[in-house]
Amino acid sequence: MTDIFWIIPLIPGLSSLILVIFGTKLPKKYISIQACAAVFASFVVSVISFIGLKQIPHEAYPLIKNLYPWIQSGDFKAALSFQFDPLTAVMALVVTGVGFIIHVYSIGYMAKDKSYARFFQNMNLFTFSMLILVMGSNLVLMFVGWEGVGLCSYLLIGFWFEKHSAANAGKKAFIVNRIGDAGFILGILFIFIYVGSVEFRAINEAIGGGHITQSIATLIALLLFVGAVGKSAQIPLYVWLPDAMEGPTPVSALIHAATMVTAGVYMVARMNLLYTLSGTAANIVALVGAITAFYAATMALTQNDIKRVLAYSTISQLGYMFIGCGVGAYAAGIFHLYTHAFFKSLLFLSAGSVMHALSGELNMQKMGGLKKYLPRTFPVFLIGAIAISGVPFLSGFFSKDAILTSAFANGNYLVWALGIATVVLTAFYMFRLIFLTFFGQERLDPEVKKHLHESPPVMTIPLQILAFFSIVAGYVGLPLVFGKKLNLFGHFLEPVIKVSHEAHLNLSTECLLILFSVAVALFGIYLAYIFYIKKPQTPHNLVAKFPTLYKLLYNKYYVDEIYNATIVQPMIKGSEFVYDNFDLKVIDGTLNGSAKTTGFFGKFFSYFQTGLIKDYALIFLLGVILLLGYLLF
Amino acid sequence: MVPTSYFIILSAILFVLGAFAFFVKRDLITQFLCIEVMLSAANLAFIAFAKSASSLDGQIIVIFIITVAAAEAAVGLAIILLVYRQKKTIKSEDMNLMKG
Amino acid sequence: MNAPILSIITFIPLAGALLLIFINKDKENLLRTIALILTLVIFVISLSLYINFDDQNPDPQFVEKSSWIGYGINYHIGIDGISLFLVLLTTLLIPIAILSSWKYIGKRVKEYLIFMLLLETGIIGVFVSLNLFLFYVFWEITLVPMYFLIGIWGGKRRIYATIKYVLFTMFGSLLMLVAIFFLYSMYYKATGVYSFNIFDMYKLVLNPSIQVWLFLAFALAFAIKVPMFPFHTWLPDAHVEAPTAGSVILAAILLKMGAYGFLRFAMPLFPDALTKFLPYLGVLALIGIIYGGLMALIQKDVKSLVAYSSVSHMGLIMLAIFSLNVEGIQGGIYQMLNHGLSTGALFLCVGILYERAHTRLIKDFGGVSKQMPVFAAFFLICMLSSVGLPGLNGFVGEILCLFGIFKANMVLAILGVTTVILAAAYLLWMFQRVMHGPITNDRVHNFKDLNKREIAYLLPIIILMFWMGLYPQPFLRKMDASVNKLINQINQKKTLFTETKKESELLWDIKTIENTAEDHQEKEEPVQ
Amino acid sequence: MNSLNAMFPLLTLIVGALLVLILEVSIKRENKTYLAFISIIFLMICGFFCVQSWGKDFSYFNNHLYLDNFALFFSIVLIITTILVTLISMKYLSLQNTNVGEYYALLLLALSGMLIMVSSSDLIVIFLGLEVLSMSSYTLAGLKRDDQKSSEAALKYFLLGSFASAFLVYGLALLYGVSNSTSIAVIIDHFKTESSLSFMAFAGLGLVIVGFGFKIAVVPFHMWTPDVYQGAPTPITAFFSIGPKAVGFAVLVRLLYPFWHVAYDSEVIFSLLWIISALTMIIGNLIALRQTNIKRMLAYSSIAHAGYLMVAILSQDTSSLMFYFVVYLFMNIGAFAAVIALGKKDKEYLELDDYAGIGFKYPWIGATFAVFLFSLAGFPPTGGFLAKFYVFSAAVREGLVSLVIIGVLASLVSVYYYLRIIVYMYMREPTHEVDINLENPALFLVLFLCLYGVLQLGIFPGNILLIIKQAVSSIAFL
Amino acid sequence: MAHFLFFLLAIVCIGAVVAMIFSKNQAYNALFIILLFVCLAGLFGLLNAPFIAVIQIIVYAGGIMVLFLFVIMMIDLQEGIPPERKRWTIGLSFLIAGVLIIELLFALKGFLFPAQAATAGSPGSPTDLGRLLFTKYLYPFEITSVLIIVALVGAMILVKKKDSD
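In the order they appear, the protein sequences are chains A, B, C, D and E.
FYI, in the numbering used here the residues of the first sequence are 1 to 633.
FYI, in the numbering used here the residues of the second sequence are 1001 to 1100.
FYI, in the numbering used here the residues of the third sequence are 2001 to 2528.
FYI, in the numbering used here the residues of the fourth sequence are 3001 to 3478.
FYI, in the numbering used here the residues of the fifth sequence are 4001 to 4165.
Keep in mind that the hints were calculated from the coordinates and are not lab data.
In this text, all values refer to a predicted model and were calculated from it rather than measured experimentally.
By construction, the Cβ of each residue, glycine as well, lies at the ideal position given by its N, Cα and C atoms.
Among the clues, some could well be false.
To be verified - Label pairs and their computed distance ranges (CB to CB):
(1) 2410/C with 304/A: 45 to 55 Å
(2) 360/A with 2107/C: 45 to 55 Å
(3) 3448/D with 2019/C: 26 to 36 Å
(4) 2024/C with 3463/D: 29 to 39 Å
(5) 2023/C with 574/A: 47 to 57 Å
(6) 587/A with 3463/D: 45 to 55 Å
(7) 2024/C with 165/A: 54 to 64 Å
(8) 51/A with 2446/C: 53 to 63 Å
(9) 2037/C with 3463/D: 35 to 45 Å
(10) 4136/E with 3052/D: 20 to 30 Å
(11) 4011/E with 3146/D: 39 to 49 Å
(12) 360/A with 2055/C: 51 to 61 Å
(13) 165/A with 2023/C: 52 to 62 Å
As the list claims (entries may be wrong) - Away from chain C, derived, C-beta distances all over 12 Å, residues of chain A:
(14) 68
(15) 150
(16) 458
(17) 519
(18) 541
(19) 553
Said to hold, decoys possible - Sample of chain A residues facing chain C (criterion: CB under 10 Å; computed from the structure):
(20) 178
(21) 193
(22) 574
(23) 583
Next comes chain A alone, as it looks inside the complex:
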């Protein structure tokens, strides 16, 4: 049963292919059914494989299905082969499961769009690529998926390409990702040189066998991490993700929250032996993650666009996941990935529902008091917000705490501190979002208000499902406080994530830590309550008090502008300068100049051709005397 896992990615791939070829001719209904069914089928196969996987001994992990040798040249070998192990299983389930829900949601959300087929073909294609990414048994194949999801992200961000901003955002996403990919490719090349293979199994064996020195491991790990930074939107390559919100909301939910952006985390987890071996690299991962988490959270504070708030929140949460991986708690990182997938997609889809209701309005300052108009959306949104804020007994709480505890346990106090600070900020901006949107005065445009309506069931039911999971998903990975056996999630991943020495805290410390983080989360919520419900004037006062800080945050630290001014513009200006001066003037100038010189000599010599017999005789005589002189002397 288990060896059918390799068809998991193929189903959506096939579906996508069909939609690409016949898409324009098929009815919308059929398209939606096929697209959803394909993902659902994948999900079913994933579940079957998952069950099958649990029944075979750990020693047999990972299951590998070798389809055919893909590239083979000299020493370079890359096969088209899939693998299935617990980590893959988790990812596959998340991708297909959440993916399926979002597909269903999209039926309603995209109902009126004329490029319906294109949307679903891209969504299917994305699922396919993402599955390749998580299931590929070697780095090159992973890279295929890696790039494939990047492509789909590009296509879907730019889905409404008539909009300048959308087209721009898509391009930006792709190019920024490519910067990371360049590092990733180098990482692959280094691995090839030092390991002689790109198969994960071989890499792990090489690391286990001590064939790789620590410094090389650090180098490779960092190069691969560059790729992860690009894909998972960490500092300094996060800039594409906020812009990516130009895409349709289901896309934001699926790609830019639940799945694609977590590819980096997956990769780091997949290569955990390497990072563990290196140590330094792991620390850097943790640090980058922590800084990103905090930094992104600060930017989320002042944004008015719902989706942008969520985008920064995603960046921030991804930072958490990297903290987890960086401090050696790979399982915790993946656990957060898994819970995050539910609540963040829930948040996005709910935001989409709000948008849907408000005819596409995204600005929170133009909302308020929507609670009564959106009775089904509001509760689920709230659940999502609570989950992400780290309020106990919802999924986010468990995963976040697992990470923070590990960080603390590992002695990474700076990272831990940043994480805690982020918790406050997260709770604050999430509830700022909730309060501004659903509570307080109505600040709606009259025109918008006229069309105000709750979303159809095809959209709300997926929301409810996601809300359910946002609540319960965390219970598969209870912290140690509740007993060692109860961390099912961690156990399940153990065969993949071979943690050699996990620092353990004693129970009381852990309890304290948990309580502390719960406290700060609640503090954040309370702060938001004060700011936006109780004393709505506070934000304005603060802004008036710290205008520079506000501006800095509001403009996202001017990072885009700085990048533009320090990298993009100099490159373009410099290229133009070189083109004008070197290509046109030096090279072409040399060419045309030599042609001109030749012509000049032609002119010079023809000057002697006066047409006068005397001059001809003169040259003749000169020739004679030179010739005789040459011969005689």
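Based on the hints, put chains B, C, D and E in the right spot on chain A.
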């Protein structure tokens, strides 16, 4: 007896004078005459060499050269006449329709 | 199997060109149809080369040899794993080019087709020649039709562009000719036999100081053709001015002749000089990669953008070839094919746009996707293939190239990886400006989506892109033996001279690896 | 073999010339074409005799006339040249108001002068042959008597030619003084050892080279060429560009070939010719760049080609030189034929501007002209390429690498101006109406023959090479 | 006596050419050249070549130069054409002439020094010359006939009036 070398020197002088004159004279006929001078200088050289070698070959060659000179004169003068008829001038500077 | 397939492939186009001469020039469709059918037939015949190619055999196959002029000038052709696909690429792209210019070339159709067919003969000839003389003849022949194609059917500055192209290329190739003479006379002096046979030449062991000059002459000719930085400036001009099909062939095939020349001649003939110049060549190729990419970024004309992208891509190919290992060289050859397909297809796409808008300036477009969704998809795939997206052909070549380079020189590879970023940057930016965004130019509203003919010539390329991206083994396997042999040859010869260096320091220090060269049927005494 | 047979070719020509002269005077007909046919018949008979004598080494007049294969080869080349020139002249003469029957007689006489030159190794005979050639040439150049340019061309040719002859004669005198003979073999003998007279010998040889250098138009003795070529009637220009050059080189081969082998100091002459060759290639091509008159451009191009031929002389590879001539004959006559084709009554189209759009208006003329130009520029698969190939490869074999590099770079320059004509023909829109007289079958025959020749020689030159090999191996030095 | 005669004739020869250079009248020029030829004939006589001397006078001075005079008369220029007056041209001519004569003399030095003593050979009698001409030099002699035909025809077509005239 006069040494042959004197004749040779004279022939060289005459030859160079002819070439010099070709260069400084500006009418076609005289320039042509200069060529005749040069040919005559060569004749003189031939005969002098013939004498120094005591052979008659040089003299025979001179006969041929004189014939050539005659033929050249016929054709050359005809050409000069032709040009004169068209341009009414025999200044060598005026022959500059084509150049460059 | 005794049919002289290679000769047939090489000379059918020529015969076709002669045939066209006698057809009334007003029957344009008839002319086009004949040319198309002819080239398609050639393509089909050339497929049999692939099918019957023995991938275990590193030596040239389908060899035909007959004496021709004498003095070592023989008709000697054959293909090995290196040239096989270049020939196939040519036979594939020529019918596509003809199809693509079905409507575009409205005037002087007959002459146009004749030149196309002549061009095909020339190009195939270059790839199949095993005799230096024959090679040079075909090499120069390709200039002539291209000269006319650009000069007659080109844009405004066509005359400047075409003369620059011809003179620039000839400058290199004439110096190469001198080097060929030199080799020829060296061989004669070493053995007393006249030969232009490339395999005889391989046996020559030359004094490194001589090799340097000969190598420079060969390398210059090929570097100009490739074109490597800083000899590239003819390329944008020629591309911008050439008609679509001309650009396609220029970029897709003619540039490969340069790289092929390196592989077939410059490198195996002069291994010591190669070793000496390798660092410089590598740096030049690297500069080409980055420089081409940066220049492409700021071009205002789509065609010159793609042209500069060719400079960048060819830089990578050259760098890979210079890595002198199996991965690099195979990757280089594979990438040549990819570049042929993807850049060819990009030029076709630009041509399609030009046919509709009569402009190629990026700023005149915008929002084309909306009017031409099918075209947008095709264009996107071609562009992504050029960018090197996994799953498409470009990736396979690129990763192999990078791996090869990496094996040879890490620093170069690390810098060379920038191509990954730059290619995405300039192509996506261009794509965005042309295809996306709101429609700013009213003309765009009237654009019609692809017609059947246009789909017909783009589709095969697209399919190949996927095939080569997903299942490259059928291509790579055929190259294995020949590439290995090539590398052995270079290394073996290199060591040979170091062993015998002390024998003499003379300039004309030559000897052959085996003096019993097998194929000299004509032992001619020197004249006089 | 001493036989009267040796006289036959020459006699045929002279008889033919006289017959033409007599017919011209006795039959007054407006149309002179019949004279052309008569002279072609005689040329063919002459050619027949030459072919008959192949390999037989006929000689007569104390070996003053010696028909070795080398002589016969050049004779045949020259006969073919003359036939082709006669053919392209037929219509031209009546169109361009040059309708004189003596024209054909003069052509035959000029040819006889050339045959005398190539078939002798006595300098005085060669000199007389040269004068026969020159006299006819001067006259032919001035045959367009209404045309000032033609007369001027004749005048310049005549004055400078005679001037050069004077130097040649003086050189002969010096050589005679050294060796007391005018036979090349005897003269060269005196270069074997250094003697008190060796300066004189070298000076004499130098002056002789000057004299022939004038005929073959090498720098710096080339100055007359463009003016004369431009002014002379176009078929005659074609004739000049081949005939006198061919004999000039043939004589140089006869003179220098033994010289390289015996002279105690051939280096100085060698390096002299090296310089001349390089200068000729460079300057000829450079000045040609600036020309807008096709005939003038072709004149400079012929100067440049003389430079390439000098390379062949220097590499002592006579066969490549001979092959070059055969090719050069076809491509140059072809080019001039194409130029002649573009003419009508009293009008020749000679400026570059006139050529705009010609390629499409007159596709056959344009295409063949283009082929000749490509051949002149040295593109394969035309004969021009193979010719250059042989010359340069022989030169490299002899170690003349730097000269060859100069040569190829010079020919790169030449590509520009040859291609410029093609640019005009195919890539520019016509600026004014050009209509031409197309009723010219003889001319088209020539175009076709030359086209065939250029391609045949470029692709399958086997037989010609064989013949050349025989010719070279038989050069007689008497 | 012979020396005296030689120097006299030599001086007259050179003088005639120099005079021609300075004269601007073509007719005088022709006469100077006739003088030159006559003197040369004398020099030929001194060199044991009486027959050539005679031919020189008859053919050259008598025939060719008369032809020149005819043409000069036909052309009938009112004003003569003086020689070149531009300084640099003259300077250059002198330079070239000087270099040329030095070179020629240098070339001839092997012949001149030691001065060749005159050998008293037998004068070239017409008989001997004739015999030589019709045996050894028969071929060149025949060629001259062709040459003369050419010259005749050439002169004729160039100068004759058009048929239509």
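For this session: State the violated hints by number, sorted upward, taking the hints as numbered earlier in the document.
Result: Numbers 3, 14 and 15, in rising order.
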